[in-house]
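Please arrange chain B on chain A, whose structure you already have, making use of the hints.
Heads up: the sequence lines are chains A and B, in that order. Residue numbers for the first sequence follow my numbering, beginning at 14 and rising by one. Residue numbers for the second sequence follow my numbering, beginning at 14 and rising by one.
Don't take every hint at face value.
Which copy is meant is left open, so a pair is good if it fits within one copy or across any two.
[Said to hold, decoys possible] When the alpha-carbon atoms are kept at most 25 angstroms apart in a straight line, the in silico SDA-like pairs for lysine to any residue are as follows:
1. Lys715 / Asp452
2. Lys77 / Glu362
3. Lys409 / Gly81
4. Lys409 / Trp82
To be clear, the hints were calculated from the coordinates, so they are not data collected in a lab.
Number of protein chains: 2
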Amino acid sequence: MKNYLIHDEWKIIEEGFHPENNRISESIFSLGNGRKGGRGNFEEKYSGSTLPGNYIAGVYYPDKTRVGWWKNGYPEYFAKVLNAANWIGINVSVDGEELDLAKMLIESFRRELNMQEGTLSRTFIASFKNGKKVKVTSIRFLSIVTPEIGAIQYSVEPLNFDGKIKLTPFVDFDVQNEDSNYDEKFWVGEYIENIGNEGYLTAHTKKTKFLACSGMKYNVQLDGKEHAVQIANNSREKYIESTFEIKAKQNQVVRLFKYGVNTSSEYFSKSKLAFEAKEILNNAFETGFDQLLKEHRAAWAVKWENSDIQIESDVAAQQGIRFNIFQLNQTYTGEDERLNVGPKGFTGEKYGGTTYWDTEAYCLPFFLATAPQKVSKNLLIYRYKHLQKAIENAEKLGFKNGAALYPMVTINGEECHNEWEITFEEIHRNGAIAYAIYDYIRFTGDKEYLAPYGFEVLLALSRFWSQRVNWSEHKNKYVLLGVTGPNEYENNVNNNFHTSNMAVWTLKYTLEAIQYLKESHKDLYYKLCAENGFNEEDETNKWDDIIANMYYAWDNERKIFLQQDGFLDKELLPASQINPAERPISQHWSWDRILRSPYIKQADVLQSLYWFEEKYDKEFIERHFDFYEPITVHESSLSSCVHTVLAAKIGRPEKAYEMYLRTARLDLDDYNSDTEDGLHITSMGGTWLAFVIGLGGMRVLKDQLHFDPILPKGWSAYSFKINFRGAHLKIKVSDNKVRISNLSDEKINLSVNDKSITLIGHSIEVI
Amino acid sequence: MKNYLIHDEWKIIEEGFHPENNRISESIFSLGNGRKGGRGNFEEKYSGSTLPGNYIAGVYYPDKTRVGWWKNGYPEYFAKVLNAANWIGINVSVDGEELDLAKMLIESFRRELNMQEGTLSRTFIASFKNGKKVKVTSIRFLSIVTPEIGAIQYSVEPLNFDGKIKLTPFVDFDVQNEDSNYDEKFWVGEYIENIGNEGYLTAHTKKTKFLACSGMKYNVQLDGKEHAVQIANNSREKYIESTFEIKAKQNQVVRLFKYGVNTSSEYFSKSKLAFEAKEILNNAFETGFDQLLKEHRAAWAVKWENSDIQIESDVAAQQGIRFNIFQLNQTYTGEDERLNVGPKGFTGEKYGGTTYWDTEAYCLPFFLATAPQKVSKNLLIYRYKHLQKAIENAEKLGFKNGAALYPMVTINGEECHNEWEITFEEIHRNGAIAYAIYDYIRFTGDKEYLAPYGFEVLLALSRFWSQRVNWSEHKNKYVLLGVTGPNEYENNVNNNFHTSNMAVWTLKYTLEAIQYLKESHKDLYYKLCAENGFNEEDETNKWDDIIANMYYAWDNERKIFLQQDGFLDKELLPASQINPAERPISQHWSWDRILRSPYIKQADVLQSLYWFEEKYDKEFIERHFDFYEPITVHESSLSSCVHTVLAAKIGRPEKAYEMYLRTARLDLDDYNSDTEDGLHITSMGGTWLAFVIGLGGMRVLKDQLHFDPILPKGWSAYSFKINFRGAHLKIKVSDNKVRISNLSDEKINLSVNDKSITLIGHSIEVI
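Chain A with its partners taken away, still in its complex shape:
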């Protein structure tokens, strides 16, 4: 846990330079625009601890899998998010001495991430050995209007001398991934152009043959006036630079405007990639920094208009929730169904891949409620497009007849992960993918999604479950052996409740989908049956049998579902009795000790109760919460959001707020000492749902919105915004009242605290 950042409602501020936290800051001060992004690295050289990171959406490298002991079925390759060209670099020297923050006295350092405007700025005074001082100011952004473009304004001002300022803006494609399995560089240089104040590099990735072009163009001002400079250009493989020197008098400001471009073969034809890069860059150059920034700010204002959450009288909480929303919006814009919400977004390398069940389970609600419908639909289409790969993945494990097992981790539809207990066994992810279809339709009302996308996915998932269960003569029930639930502190267990529950629910939901298709899309349905070799009667008979005869571990004494068979054999001591010095247990205990313990990493049985709360009464949920929460260590960043929702549901506002706090400032306060690897992007979706579904008590029941909010102690009020089927609402919760504003033309019926109300367009209701 760290606490070096200044609390502010709209900004993340580091005052005074904290080199010991630099990698953490680099993560926190990341910028992204859904198409590219990068860590908050410095423009100028930095010889201290740093993780350089610039990432291009969709561009990955299949790094040969590294494993101690191979198991049949492991993927050959692990798809990695790829560190790409460093386009921000500007080397600086002053009268021959190099600017390097690791090697000199730094004063008045201030770094600011302006979340409202989407900009990263920095200012500091550096003292060189010879006593010369300069003031440096920079501001940069990655345009969310023209996503190929980034721009930097970088100023150097001699404070106590007249001298020569040498600047060397560069683009460096000769970069590596820190997590490269074999210390390999993944980019192969192709084309170099470096003429005048403009230069381009193209490179392709090994194996995957993605092509990318990164370029820069710049101009220079002295005291606010254009200043001609004499340029010396240099280049080598995968690197270009441009050097010039300016004589500046004391307090004259030398200002470099550097524009960067990136085009990739994901969006441009390979043959025109460099040409397009040049055109886009020159347009941006002509438009100029101020105008680009103005357009960028305006676009951010629209995003905030749709997704902002306001908290009154708690600046830390306000900063926290906005940081989560800001990063989610930086990571995924939903315009491209080939992309997804990476666990680290554009902020680090760790975990590889971009897609975990996190997206469906924890991120979808945010995009459903704050972005156009297309955005969440694209998250579903992403999985639909990977269906064939998921079927192949299941075939590798011995499944047949079009059964699909979606990968645990993927970037292109193929499995990346290689821990057998997760890769092969953490199959509840298939349930989350089915649930996302249900969740999307529930929220949007777009039942048409089932014809055909949703149906084809559900069919393949149901086929998987029907083969994955087996009949136990002994129990006279279907069982689900050898699985790992969401609680990864258990491996290879039998009859994990959540997994079995998702299996049966998916079968039921697929039957509903079939019913809908037969009623509303009869011809399409029979066409799909033929295409998928789906013998409805035979297959659904088996499904019905499984639905009717599935085994669930149940404790008849406590009247609770058990996480898995044999769970009660454990020593059920509460997590509160663990020596605090041994927390988190994942960092202090051996794996076998964790496995034998009762301790739960994240909601498991409770995940099912959260998803299907309508099936259970309050006492039932309470009983489970009181059994499981005390033995839950919440060592996954995805744990507390589900607990927030359930605690609120069962009328425990203080517990709900306690749980909310664990997720809200996870990265800002470096709660798990791992922010340096990058931000927990998908967990930010969890924070949003903890807020809106948990504290805000939002539900969609029978096509209608419901709110049952609680107000945490210490907050005088909060508000959030929701898009729902054409309506745009602002819900403000303060002591004893809830104020709902309909900001759109659309009339809407909803309920607040069980009271039904109707809001015509542009009206307000207070309850």
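Showing chain B alone in chain A's frame:
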């Protein structure tokens, strides 16, 4: 399965060169003398597929662990058997053309391993491109009299020309391990001497700093007469060679005698290592090839006198059992308690480490019955000396108070293995180590071993078990959660019967040991209590409670112990219904499918029944055998031996013989398609026990030997030899009779087919 070797009672013969099987042959034709050994590589250059391998006992390298996903508790390093200097090399060229069996026509190729004499010989005719033919003959051995010494006699005879034969004997220390995790070379060169017909290299290992010196000395004959040659010596880092050329007329034989030496810091002080090597080598050189070989043969005759098994009228079976005995004797001589029986001995790199529970479970009976008592005692002392490391290993996993968990794989007492499901969970190995103490005392009568060695080990093991169990409120019993049994096709199960059984048995046996110490070594006992902080009453009260209240999974319908909780939930289809094209399942099925299946890799419940058969009646064992054997796929080389013993025990001679055949020629016929990696040395101990305990029906009950043999169909007779408490016996089994010869002075009481007999010295009894 391969069948290219010729059946012979005393020899392994390859006739005609089989380059496609060369790596397999290299394994099979390996030589060793307990102190060093190497694969059956060719002396001359070979550019075809080969795994060069020369290994020095006790010399290892801790290669940084390679793993996909780290788990707390994994070892930092994996100790590897180290490929050391190639001392056999002799490059040959004939009139400027290089001899390389991969590149020329080879006729009349014959390779022979003479197991009776411990020699490897080879003869072939090679045709060069220019039409010239030479006949090459070689014979080599690693002395079991002077274990530092190896010798080669290598002859080249021009068959159809007069010409120049150039020979280049060399020693090459610039070698690598094929299984090096980071493609690193582990040896660092130190000292080079290369003068005249004599040369030496010393090198040390990185990290471990073992020092080794390898040297060569040679002389040359032409037509049987000493022949002076002009030598050109060359050397570079870690490499020396000596080149000379001889003009030979057609049918004149050029013969090189090359003597190799190896000394290591395991046996010589580092400062005198090269000096000692030189002295030993020069002594050998003076003694000469023929005399060295004569002494070597005589020593082998003694080994065979003690350990030979003869089978009449089945040459393949005779060859098979002798190959097993020969390799066991090549691998471990029992003179040094720092050494152990490596899973691949000196025949390959695979698996690293040298010590698995295989030693205690499968190899000890062979050494107990065929070697001096000191040999098996040293195998026990090996573990005693690693006790502190085993305690540290347990501490890493969270155990306290002197509890010991012996490593799954080790060379120096530290754990090498890093699959969590094995490293942390396959803890029944601790049981095997306790059982070995019991087995040793049962066979030798040496109860004194408990004071103190055996007791200290047992105490630490019991302390482990008493902490590893936990009390289940639900079952009202002690349970053993999260274990992996001998059947590694199950992972992380609860209440594996064999593990729980070994836990309880160890506690009981430790209580017996305490009783013995208190009666016979009172002072020592109280001293040991004090030294080990052993509070007898407190600790043994807990043990008694565990013994009385341990839970075992039991099927009350079938009246069998279940392999683990939930075993009956599986689909219990017999292994015979698996598609033969999918066998072995380990190579064809994904890991999750294997785990969910009922299929058993090797004896698990049956391992306990084999070890504790006196506790159960025949019907009880039969019931378990008939439940478990049909679902056992025997994909471990250590499976069939236990099944042989049990099948014989329950009166199923045909099944016993079927099982015996699966182990007897495992490597000779490359049963599992993996002999190329090296031989399954520890499984050879299994073969011996399958023979003597299984077919021969040998038991030791109440200090007395018992035999209850069966004679497989197709064998007219067989005999084996046993050392038992000073007596040396030969047991010959033929149709309807058993002939026991006491070859020693010692009088002995024993029983055959339940009939008690007494044999005075040098007498024979026929029953």
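Verification of the supplied hints:
no. : hint            : verdict
1   : Lys715 / Asp452 : within (12 angstroms within a copy, 72 angstroms between copies)
2   : Lys77 / Glu362  : both (16 angstroms within a copy, 23 angstroms between copies)
3   : Lys409 / Gly81  : both (21 angstroms within a copy, 20 angstroms between copies)
4   : Lys409 / Trp82  : both (18 angstroms within a copy, 22 angstroms between copies)
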